[in-house]
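Visitor: Sequence:
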Amino acid sequence: MPELPEVEVTRRGFADRIAGAEISGVHVGKPLRWPLGCDPDSLVGRHVKGVRRRGKYLLIDLDRGLLLVHLGMSGSLAFDRQPGPAGPHDHFDLQTNQGTLRLHDPRRFGAVVRCAHEGDGWGQKLLGKLGPEPFGPDFTESGFLTGLRQRQSPVKQVLLGGELVVGVGNIYASEALFRAGIRPTVRASRVSRSAAVRLYQAVKAVLAEAVSKGGSTLRDFVGSDGAPGHFQSGAMVYGREGLPCRVCATPIKLVRQGQRSSYYCPVCQKS
DNA sequence: AAAAGCCCCTGGATGC
DNA sequence: TGCATCCAGGGGCTTT
Numbered sequence: 001m002p003e004l005p006e007v008e009v010t011r012r013g014f015a016d017r018i019a020g021a022e023i024s025g026v027h028v029g030k031p032l033r034w035p036l037g038c039d040p041d042s043l044v045g046r047h048v049k050g051v052r053r054r055g056k057y058l059l060i061d062l063d064r065g066l067l068l069v070h071l072g073m074s075g076s077l078a079f080d081r082q083p084g085p086a087g088p089h090d091h092f093d094l095q096t097n098q099g100t101l102r103l104h105d106p107r108r109f110g111a112v113v114r115c116a117h118e119g120d121g122w123g124q125k126l127l128g129k130l131g132p133e134p135f136g137p138d139f140t141e142s143g144f145l146t147g148l149r150q151r152q153s154p155v156k157q158v159l160l161g162g163e164l165v166v167g168v169g170n171i172y173a174s175e176a177l178f179r180a181g182i183r184p185t186v187r188a189s190r191v192s193r194s195a196a197v198r199l200y201q202a203v204k205a206v207l208a209e210a211v212s213k214g215g216s217t218l219r220d221f222v223g224s225d226g227a228p229g230h231f232q233s234g235a236m237v238y239g240r241e242g243l244p245c246r247v248c249a250t251p252i253k254l255v256r257q258g259q260r261s262s263y264y265c266p267v268c269q270k271s
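If you read the first sequence in my numbering, its first letter stands for residue 1, the second for the next number, and so on.
It is worth saying that the hints were derived from the structure and are not from the lab. Errors might be hidden in some of the hints.
Restricting the straight-line Cα-Cα distance to at most 20 Å, the calculated cross-link-like pairs of lysine to any residue (SDA-like) are [to be verified]:
| no. | residue 1 | residue 2 |
| --- | --- | --- |
| 1 | 204 | 53 |
| 2 | 30 | 85 |
| 3 | 49 | 132 |
| 4 | 204 | 12 |
| 5 | 270 | 181 |
| 6 | 204 | 132 |
| 7 | 49 | 109 |
| 8 | 270 | 233 |
| 9 | 213 | 13 |
| 10 | 49 | 19 |
| 11 | 125 | 99 |
| 12 | 49 | 88 |
| 13 | 204 | 54 |
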């Protein structure tokens with residue numbers, strides 16, 4: 001579920017409240033996508049310095065090492081002073097003197113991984129190949145244009161690939177392409193320069209707008225304060241197959257690309 | 001080397 | 001009501 005906006009909204013929801021906390025206990029449920037990589041009890045006594053985000057990963061910095069958290073498809077984090085009893089889908093609790101951070105993840109595609117530092121084995125494997133942050137200085141128009149020109153995959157797949165920019169998932173890829181007037185099926189290398197410039201801006205704009213709206217809640221996403229997002233109700237194409245385009249009223253189309261759905265308006269997206 | 005496919009897992013919606 | 005099928009926001013790994 002969670003793309004960059006949902007992860008960022010989650011981070012903002014608990015980063016300040018957990019900063020400075022001392023870990024008092026760790027409870028693990030069923031196995032997640034990757035192993036924690038340490039004895040849970042070895043985290044007791046560590047202090048939380050802060051929470052950063054890289055792509056769709058959260059980095060919880062400790063006074064020694066860090067925890068990488070990924071929400072997978074169905075994960076969400078809650079931070080509460082008085083958490084209720086763990087349910088069948090609560091698979092990781094980080095108890096601290098300031099509250100408990102709990103990962104709820106029915107599908108268990110998410111993970112919590114302990115790293116000595118960002119460049120160690122797991123850190124390198126998970127973070128090492130990530131492209132530039134969409135709001136960071138490394139995400140440049142010229143770099144994005146060059147990257148598109150070099151790739152032969154459909155432009156939608158390139159956005160999802162995370163090499164030219166991180167954080168764009170299935171919802172925001174479709175939304176950004178709509179805003180840029182580009183069909184998801186077009187080969188990246190064939191996107192015109194002007195369209196690519198529009199896409200560069202659209203990626204940033206869509207993600208920023210989604211963050212400001214608290215992300216998208218399709219089924220189960222909630223921020224760490226429990227609040228759902230509101231972006232999805234304003235989606236131009238995602239999940240709107242057969243419904244009239246909000247701009248030109250033409251029915252929105254659905255195509256399958258790499259086992260995932262892409263939505264587009266056949267009239268507004270001609271490039 | 002790049003691109004396409006295959007899985008991991010559970011639950012909700014849909015159809016017969 | 002019951003059961004089978006399909007689909008879902010990600011992404012590493014394997015196969016072409």
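Visitor: Determine for every hint whether it applies to the structure shown.
Guide: A quick look at each hint next to the structure:
1. 204 / 53: Roughly 16 Å between the alpha carbons, so the hint for residue 204 and residue 53 holds.
2. 30 / 85: It holds: about 15 Å lies between the C-alpha atoms, which stays within 20 Å.
3. 49 / 132: Violated, because 24 Å separates the two Cα atoms, which is more than 20 Å.
4. 204 / 12: 19 Å, holds
5. 270 / 181: 6 Å, holds
6. 204 / 132: Holds. Residue 204 to residue 132 sits at ~12 Å (cutoff 20 Å).
7. 49 / 109: Violated, at roughly 26 Å.
8. 270 / 233: The hint is violated at about 24 Å.
9. 213 / 13: Given pair residue 213, residue 13 holds - Cα atoms ~13 Å apart, limit 20 Å.
10. 49 / 19: With a Cα-Cα distance of about 5 Å, the restraint between residue 49 and residue 19 holds, given a limit of 20 Å.
11. 125 / 99: Measuring from Cα to Cα gives roughly 30 Å; hence the hint is violated.
12. 49 / 88: Measuring from Cα to Cα gives roughly 30 Å; hence the hint is violated.
13. 204 / 54: Given that 20 Å is the threshold and the Cα spacing comes to 15 Å, the pair holds.
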